[in-house]
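Given the sequences, and given the hints that come with them, work out the whole structure.
In the order they appear, the protein sequences are chains A and B.
Just so we're aligned, residue 286 is where the first sequence starts under the working numbering, counting upward by one.
Just so we're aligned, residue 14 is where the second sequence starts under the working numbering, counting upward by one.
These are calculated hints, taken from the structure and not from any lab test.
Warning: the hint list may mix true and false statements.
What the hints assert, rightly or not - Quick list of the computed label-pair ranges, beta carbon to beta carbon:
hint, chain 1, residue 1, chain 2, residue 2, range
1, A, Gly-303, B, Val-94, 39 to 49 Å
2, A, Glu-364, B, Arg-57, 39 to 49 Å
3, A, Pro-331, B, Pro-88, 33 to 43 Å
4, B, Arg-41, A, Arg-345, 37 to 47 Å
5, B, Ser-56, A, Glu-410, 29 to 39 Å
6, A, Gly-460, B, Glu-40, 16 to 26 Å
7, B, Asp-97, A, Asp-314, 12 to 22 Å
8, B, Thr-91, A, Thr-495, 18 to 28 Å
9, A, Phe-411, B, Ser-56, 32 to 42 Å
To be verified - Stretch by stretch, here's where chain B covers chain A in the computed footprint (C-beta under 8 Å, at least three residues):
hint, stretch
10, 298-308
11, 314-328
12, 434-448
13, 485-497
Idealized CB from N, CA, C, for every residue including glycine.
One-letter residues, chain by chain:
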Amino acid sequence: MIRVAAVGDIHMGPDSRGVLRPAFDTLHDCADLLLLAGDLTRHGTPEETRVVAEEVTGLRVPVIAVLGNHDHQDERPEEVTAVLRDAGVTVLEGEGTVVDVDGTRVGVAGTKGFGGGFAGRSGGEFGEPIMKEFIRYTRRCADGLRTSLEGLDRQGCAVRIALTHFSPVPDTLAGEPLEIYPFLGSYLLAEAVDAAGADLAVHGHAHAGTEHGLTSGGVRVRNVAQPVIRRAFAVYHLEPGAERGTGALAGASR
Amino acid sequence: MTDHDTGRSGREGGADNTEYRIAHLQERLVREEVAELGMRIESRGNTVVVSGTVPTAECRDTVVRVAKEELGGTPVRTDIVVADPTAPDRPEELA
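Next up, the structure:
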């Protein structure tokens, strides 16, 4: 059994120094890895990122993160990434990483993702350049996610997890105003997950949403935004080799 | 708007319009030190309700202060929770 701890949207700043550390120090008893689903800071400054780094430095489980929109606010995502990497965090954007858990290869593919909306109610690559770029950016994130999940499959991962900040499905947005769904996620992310297959998709971003969802291909989705899970992190137990959404058609036929 | 009596002090539909004030409060919470996008701000009767979850008590104080400043004479009610930093007591089995 693989034990996955995850949290997003911890929005740390100087006033939250040390707040999560006592809970994180218990991780090695209950989890094999910790996923951070973006919005680790408020403005994406190196100073705020150092607060995050202090929370996770020296934990006895691997820590894997994607950035969120807040982590881009100061337009220095490379510096945010560098501070986290110096603290031992694996930061993913359009790439995957493999963790060995007692001989089982666990793969995590990550991208921040972006918005655009959900199938039948989404923006398209049409019109003004800025509108086209909006959707193309999301598509690039989704393509990176699909390619990394496929790569993890080729590397023999028995468990694969998709880690994003923006949501792949509308299910986990329930509680958010419908009008802002296009700014909370995109079906392109779910399509990527379903095309490549995964055992679990984890995201944050939607503070007023709900924890549980499912892609149309049958992959379980969990919104781990801290205001949603109402804890320092959530823990999910996954069985290697259990059913997974290997492609939308396989999922739909179940 | 139902509130046209209070909206007539010089700039109709402008600074005194509750709907726009809510929009401006939302913008200010994002722009200022808390960078808070997650607050729900709604007009209820003749009050404005601000609710949501923030990372620290300091953030909650800032949101309350900024809301009162930005909404001027409009009564503000807040229901803001500070995120719980404790470890979970059980996992979810996904097998």
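So, going through the hints one by one against the coordinates:
| no. | hint | result |
| --- | --- | --- |
| 1 | A:Gly-303 <-> B:Val-94: 39 to 49 Å | violated, 20 Å |
| 2 | A:Glu-364 <-> B:Arg-57: 39 to 49 Å | holds, 42 Å |
| 3 | A:Pro-331 <-> B:Pro-88: 33 to 43 Å | holds, 40 Å |
| 4 | B:Arg-41 <-> A:Arg-345: 37 to 47 Å | holds, 42 Å |
| 5 | B:Ser-56 <-> A:Glu-410: 29 to 39 Å | holds, 36 Å |
| 6 | A:Gly-460 <-> B:Glu-40: 16 to 26 Å | holds, 22 Å |
| 7 | B:Asp-97 <-> A:Asp-314: 12 to 22 Å | holds, 19 Å |
| 8 | B:Thr-91 <-> A:Thr-495: 18 to 28 Å | holds, 23 Å |
| 9 | A:Phe-411 <-> B:Ser-56: 32 to 42 Å | holds, 35 Å |
| 10 | 298-308 | holds (count 7) |
| 11 | 314-328 | holds (count 3) |
| 12 | 434-448 | violated (count 0) |
| 13 | 485-497 | holds (count 3) |
Figure legend: structure checked against the earlier numbered hints; hints not met, in rising order: 1, 12.
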